[in-house]
Amino acid sequence: MSFENPLGKDEDNRMLADRFTSILTASWKTKALCVAAELRLADLLADGPRTATQLASSTLTEPQALHRLLRALSAIDICAEREDGSFELRPLGTILQEKSPTSLRAWTIWWGRYLWPVWGNLLHSVKTGESARKLLHGTDGFAHLDQDPEAADVFYQVTVELTRDTAEFVAQAYDFSSQEQIVDVGGGYGELLGQVLRKNPRSSGVLFDLPRAIEGARKHFKAHYPDVSERCTFITGDFFEAIPPGADTYLLKSVIHDWDAEQSIRILSCCRRAMRPESRLLVIEPTLPTHYSPSPSHAMLSQLDLTMLVALGGQERTQSEFSDILAATGLCVSRIVPAGPVFSIIETSSVSPA
Numbered sequence: 491m492s493f494e495n496p497l498g499k500d501e502d503n504r505m506l507a508d509r510f511t512s513i514l515t516a517s518w519k520t521k522a523l524c525v526a527a528e529l530r531l532a533d534l535l536a537d538g539p540r541t542a543t544q545l546a547s548s549t550l551t552e553p554q555a556l557h558r559l560l561r562a563l564s565a566i567d568i569c570a571e572r573e574d575g576s577f578e579l580r581p582l583g584t585i586l587q588e589k590s591p592t593s594l595r596a597w598t599i600w601w602g603r604y605l606w607p608v609w610g611n612l613l614h615s616v617k618t619g620e621s622a623r624k625l626l627h628g629t630d631g632f633a634h635l636d637q638d639p640e641a642a643d644v645f646y647q648v649t650v651e652l653t654r655d656t657a658e659f660v661a662q663a664y665d666f667s668s669q670e671q672i673v674d675v676g677g678g679y680g681e682l683l684g685q686v687l688r689k690n691p692r693s694s695g696v697l698f699d700l701p702r703a704i705e706g707a708r709k710h711f712k713a714h715y716p717d718v719s720e721r722c723t724f725i726t727g728d729f730f731e732a733i734p735p736g737a738d739t740y741l742l743k744s745v746i747h748d749w750d751a752e753q754s755i756r757i758l759s760c761c762r763r764a765m766r767p768e769s770r771l772l773v774i775e776p777t778l779p780t781h782y783s784p785s786p787s788h789a790m791l792s793q794l795d796l797t798m799l800v801a802l803g804g805q806e807r808t809q810s811e812f813s814d815i816l817a818a819t820g821l822c823v824s825r826i827v828p829a830g831p832v833f834s835i836i837e838t839s840s841v842s843p844a
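When we follow the numbering used here, the leftmost residue of the sequence shown carries the number 491, and every step to the right adds one.
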C-alpha cells in the first residue's frame with residue numbers, strides 16, 4: 491500500500507529546498523565557531539555569565555557586533571542568552587576551552603583560519619588533482635609551516651586533539667605488551683606514543699619527526715606524560731630519507747593519507763628498510779568503503795578525503811588501495827584491527843628480504 495503526501499508536491503519540493511539550503515549555508519557555523527575560538531570566548535565565560543559589553547572589553551571587539559555573534563552561538567548551543575541579557579557557556583561550548591580535556595579549540599582555528607582558504611579552491615584541486623595550498627602559497631606538503639611558526643603551533647596542537655581519542659582506542663585494541671621498542675614515525679607531539687607507553691610499562695619508545703615537531707613534543711611529554719618520559723627517546727629526521735632501524739613495532743598514524751601514491755611508497759619503503767624480519771608496521775588510518783550511501787559516516791569520510799585532496803593533494807584509501815601501495819614496498823597486510831568508529835590498525839609484515 492502506498493500513501494501520497496497530503497501536503498502535495500509543492501510542499502515536498504520546499505522541504506527538499508530547505509534541506510539543501512541548510513547544507514549549502516552550513517559554512518557560517520564554521521566561521522562563527524572559529525571566531526569564538528580565536529577570541530577565547532569559552533575561556534572568558536568559564537567563570538560565569540557575562541554581557542556582550544563586558545566580553546567586548548576583554549576581546550577588543552565592537553559590543554553590538556559581538557552581541558550578534560553571541561546570539562548566533564546561542565542558536566547552535568555553544569552559549570545561552572539569559573533573561574538579563576548576559577550569556578553563559580553551554581556544555582557544547584566547553585569544547586572551545588583551551589584547557590578542556592576534550593578541547594578542539596586548535597582544530598576549530600585550523601579549520602576556520604587555515605583550511606578555509608584552500609577549501610575555497612576545491613575546483614582547482616578537482617580539475618588538477620593538486621593541493622590548493624600549492625596554488626595559494628607555492629608549497630607542497632607541510633612546507634608552509636616552515637614559513638609560519640604560528641600556523642605550525644596550531645597544527646601540532648591539532649594533531650594532539652585529533653589523536654587523543656584514537657590513541658586510546660589503539661592502545662586498548664592492539665596488544666603491545668611484548669614489544670620492547672616502538673617507533674612512532676611522524677608522530678607530531680607524540681600523543682599516540684604517550685598513551686601506548688603508559689599502557690605498556692615494559693615498552694620503550696622513539697618519537698621520530700621533524701625538528702619543529704620534536705621541540706614541541708618534549709614540552710608535551712613533560713606536561714602530559716611525565717611518567718613515561720624516561721622511556722621515550724626523541725629523534726629528529728625526515729621519514730622520506732631514513733627511519734630509526736631495528737624496532738619491534740613502527741607506528742604510522744595519519745601519515746600516508748597526506749601523500750599521493752608515489753610519496754606514500756617512498757615513506758613505506760623507508761619503514762621497510764628500517765624493519766627487522768620480525769618487525770611489524772602498524773598503519774593507522776581511516777579506511778574508505780568501496781561504495782557510498784547517504785549516511786553520516788560516509789559523509790564524514792568524504793569530508794576527510796576531500797580535505798586531504800584540497801589541502802595536501804593526498805587521499806584516504808580503501809583496504810584494497812592500502813594493500814596495493816604496501817605490496818609495492820614488499821609489505822603485506824597481516825590483519826586489520828578496528829580502532830574506534832573511524833580508524834583501523836592495518837598490521838603489516840615483510841614478505842621478502844629487505
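Everything labelled a hint here was simulated from the structure, so no lab data went into it.
Be aware that one or more of the hints could be misleading.
[Unchecked claim] Ranges between beta-carbon positions, derived for each pair:
no., residue 1, residue 2, range
1, S517, S590, 48 to 58 Å
2, G736, P607, 36 to 46 Å
3, I513, S719, 22 to 32 Å
4, L796, L582, 38 to 48 Å
5, Q637, I513, 30 to 40 Å
6, P716, Q637, 25 to 35 Å
7, W518, P767, 29 to 39 Å
8, P784, R561, 30 to 40 Å
Just so you know, even glycine gets a beta-carbon here, dropped at the ideal spot from N, CA and C.
How the hints compare with the structure:
no., hint, result
1, S517 <-> S590: 48 to 58 Å, "25 Å, violated"
2, G736 <-> P607: 36 to 46 Å, "43 Å, holds"
3, I513 <-> S719: 22 to 32 Å, "46 Å, violated"
4, L796 <-> L582: 38 to 48 Å, "25 Å, violated"
5, Q637 <-> I513: 30 to 40 Å, "35 Å, holds"
6, P716 <-> Q637: 25 to 35 Å, "33 Å, holds"
7, W518 <-> P767: 29 to 39 Å, "55 Å, violated"
8, P784 <-> R561: 30 to 40 Å, "32 Å, holds"
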